[in-house]
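Student: Which chain is which? The protein sequence lines are L and D, in order. Plus 2 on top of the position in the first sequence (first one is 1) and you've got the numbering used here. Plus 1052 on top of the position in the second sequence (first one is 1) and you've got the numbering used here.
Hints listed in this document are in silico derivations from the structure and should not be mistaken for laboratory results.
List of simulated lysine-lysine pairs, DSBU-like, C-alpha gap at most 30 Å:
#1 LYS473(L) - LYS1348(D)
#2 LYS685(L) - LYS1348(D)
#3 LYS1098(D) - LYS23(L)
#4 LYS457(L) - LYS5(L)
#5 LYS1098(D) - LYS301(L)
#6 LYS685(L) - LYS410(L)
Between beta-carbon pairs, the in silico distance windows are:
#7 ALA57(L) - ARG1243(D): 41 to 49 Å
#8 ASP217(L) - GLY1382(D): 37 to 45 Å
#9 ASP1246(D) - ALA180(L): 57 to 65 Å
#10 ARG470(L) - GLN1067(D): 57 to 65 Å
#11 ASP1058(D) - ASP33(L): 24 to 32 Å
#12 ASP1058(D) - ALA75(L): 28 to 36 Å
Where a beta carbon is used, it is the ideal one built from N, C-alpha and C, also for glycine.
In case you want the letters, here they are:
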Amino acid sequence: MKKLVGENYTTPDLLAKVTGKARYAEDFRADGMLFAKLLLSPLPHARIRSVDTSAAEAMPGVRAILRASELPAPADTVTDLGETIRANPMGERALTDEPVYAGEPVLAVAAVDEETAVAALEAIQVDWEPLPFVVDPLVSLRPDGPSPRAEGNTWGRAPVESGKPPGPLTVMPLKWKAEDFADYDQGKMPMGEPQIDWNYGDLEAGFKNAALVLDETFSMANNQHHVLEPRTALAYWRGDKLHVHTGTQSAVQTVASISRWMNIPLEKVVLITEYTGGGFGSRATGAVICMVPAILAKKANAPVMLRITREEEQYIGGIRPGMHGRVKAGFAKDGRLTALDLFLIGENSAYEAQGDANSGGRFISLLYQPPAMRSRSITVLTNTPPRRAQSQPGGLQAIMIVEPVIAKAARQLGIDQVEMRRLNAPEGKALWGPAGRDGKRGYITSAFLKEALDKGAELFDWKTRQARSGKRTGSTVRGSGVAVSSFVAGSTGFDGLFVIKPDGKMYVKSGVGNLGTESVFDVHRVAAEMMGLRWDQVEVAWGDTSHPLPWTCVSGGSQTTHAMTRAAHAAASDAIAKAQEIAAQTLGGSPASYRVADGRVSAGGRSMSLADVAKKAIELGGKYDGHTLPENINKVTTTAATALAGEGLMGVARDTYPRDGTTVSFVAGFAEVEVDVETGNYKVLDYTAVGDSGTIIHPRAYGAQVLGRSVLGMSHTLALKTVYDQHYGVALATRLHQSRPPTILDVPRNMKWDAVNLPDPETPVGARGIGEPPVAAGACAVMNAIAAALGDDVFKRAPVTLDSLLMALEHGRPMQEPLTAHI
Amino acid sequence: MAIVHDVMPPFQLFQPSSADEALDLLDARPDTWVLAGGMDSFDWLKDRTKRTSAVVDLSGIDALRGIREVDGGLEIGAMTTLVDVAEHAAVNARFKMLAEAAGLVASPQIRNQGTIGGNVSQDARCWYYRRGWSCYRAGGSTCYADTPTAVNREHAILGADRCVAVSPSDTAPALVALDAQMVLRRRGSERVVDAADFFLGPDIDITRLTVREPGELLTAIRVPATFAGARHYFEKVRDRQVWDFPLVNVAAAFKESGGTIQEARVVVGAVAAKPLRLRTVEAQLAGKPATEDTAKAAGELAIAGAQALRFNAYKIPLMRNLVRRAVRGGPLAATT
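Throw the hints in and build the complete structure from the sequences for me.
Tutor: In structure tokens:
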């Protein structure tokens, strides 16, 4: 058996990526191609009274102008279960006549080149009616606070009579009382009426019996994704088929999105997306802006390229919701949590709500296993750009709000930081979240976080570093911190598809997006290994839906490795069963007596090659070569498999493996920092992270995820942020150097990673996803290291920048405005 | 007019091969935009915030490039790249702080392209001004950065006069501290201005940061031997370890004898619209031993009169501590 799982290899796209031959959306050209440019709203909230495009239309070279009114109405979604999800009439669209944030695209011009398109835009006269706006959630929650839309500042459902189905989601006002803000000036987060409120256990008793009770407020910034490749798209029509070149995290499911946005059938959409320059959740299924070139291409009857600039990307690319949190936590003398009361205020744009604030509490309940917990949350709309999922959405913010409290409690109780997390850590099928409708709390498939902590402490040499934590040399102080993190790490129910052709090679259709994680290839090594093939005998097709691809999960929320190794396993199991049947029919004996190994199907002395099995499969037809397909596969897979029927032995199946529990992965992160107390400047000297995400499929890609996402996490602590002027409601940091993602010199030169590498018992391959949980581990290990160096109550918000540290050291208490958004 | 960014507008491009040709062009069309490395210019032009009908690109003028020995000092061509200044042997041997300052500008890519002339001539980086808002500096009648709601963490604590933008340059304070001179030429004439007088505060002229007039070209920077080999100190504090403007920087030179400071230059950047030479601090330091007490006193004196805006109070202790460190000496905190 060729061992592929757990081995390093070179992915088939690597050479193109490092030589520049890889073509991203912007690299494509088409005959007669036009360029489009966007007109953005200069105001945070306004209505267009009128637009005069006459001068622009008269310009030579201008081919088409697109207004919001020309966009097709988005289609409703029909789920796999046949449920219809109505398109949200108040949701984000590609263009609008009533922008709800400064920078929102309003109209577009297509012209022979960008210079002409821009000259046309500058000649367009827009008469704006400014409308009330707000760019701070707590300002909006004030009794007399402004709302970002005329309808209000939160999503909700109008109350209905009992027994009637709930109404559709709509925007409605939710204001808190003046007394809720009584302690605002003391830096305590107000806690008014929440939207979500759940609890379990006896909270009151937990606090009563606690040896230590802390009540802390913490705020974290909104952060753009800063993907390297912006949301550029090229679109053209061939007959009634729309072709779109653009980046996405999920090839197959983006076809569905484009079909819904454009309100055209699935089969009329062809997506070319071989390479994507990063997503981090912001383009799980592409970006709605691709409608602009698509419709302009139809209007102008020519291909249209819309190149998105870095500034435009900062607006339409989306933002991780910033969050305020208040934590009341009780601890026993030995460090065990007795009760935890969490309140999260999430910021959102005036469009669809991200669930970050609502989901955050679940991860806290899992990570520290409080015996009693209450979780409240509210998501407040403001006139700022769309919020989109960003690696570990909700989990990151909640953990960044709670981890410093755990660290502070350990310091006050005199307990080692690693031990503190170890003794509160989940184990096995740990419980999490509130009770469901059945009154029972849910649980996860497995947890080996204690093992990760132990391994990390050893690798990081925690004891030595801990001993020098807080020691001053000249103007510098070192500090070491540890943090734990978790996030969901896998879904189920998707399809695998491949064909072994008479040349003996395996041809895999990968519907995964090529977003840089390498899972687009990694997951298929499971099937190759099961078929006993070498990797050079495997050809993977990806990223071009003109050759249909099977139904595949969205590559978001770390689902892919888990979901698609299961699907690959299912498809390989299907192919093995078919090969066994073919061998038994051809060579005699029972199918069960045959084993597939080394590219052959053999039993005792009888053996035939997979190449011959493939020939035989074509002869036999039916299920063997894909002329008959399983009934339980998705219709998308049926289309893809039908196109391959008759080419060889087909492995095609839906993942129907059982799973008991929710799949969650964990990371333990360790950091050492050196703070200069005369400047507030600090450097991250070292970092180690250990993952618990089951069996490792591809170690090198795994290590890149653990450390790369840890760096994304560190960026939230180091300097990354959005900046808004509250009076004018516009972004001030609109460039990379102003938003300050970390540079290579901001992260330690030698970072270490490792993994527990224990298989998850609830999935056949044992693998869970790893994309998300390193983020909070990186963010919080660094925050906790700073606190270890400087002591408690030095900073109350992230990013932890040198100005806040210096001022706190100067005054002996935090001086930064604790609750103002976007500063 | 709709605001569109990030597309270069059309302009006439001149690419002379000699300074005289460039000066002829500037004489004929004084409003011509002077382009050095482009690191500041392209921002303005691509954002279509400032417009020009013509650009004179100096990159083809070899005579404006390079570092020459002059009277025991150095003459640095204005078009010498920052990386060439940072790596030059004589600059490193005699004017260490200038090498360090040039080496700490922005990022390696920007230092490869950006020039020393451009670095000292660059415009203010106030994000309200750069967005094209009609502020005092842009000829308007208000300052958006100095309001109760403004975000002004990176703005001025000293020398503010209606405008609170700061000097963003790293090499400027070093050049002021080294008593450098700026050579300004126009067609048929030349004037030499002390670096300390080259930079302007808003009290003198609110619309520009240097004395360079339309039609003039900064052709060279002369660094005299005065502080060659003296004790130099340069430190830049910024949010990121690379690719960032200074939050505060300090450049200082000390002539010392037997542990006593004979003569000092202490200049702080990014706290005011121009690099601030702290003459009272320098006077106080003369004749004092370079001890911690002297350093502390210098730090306190340095921040006299400093006034914080809503978000930049940290600059006051930061400036104080950097002046302290400069006097105290020791290893540099910043790295490249």
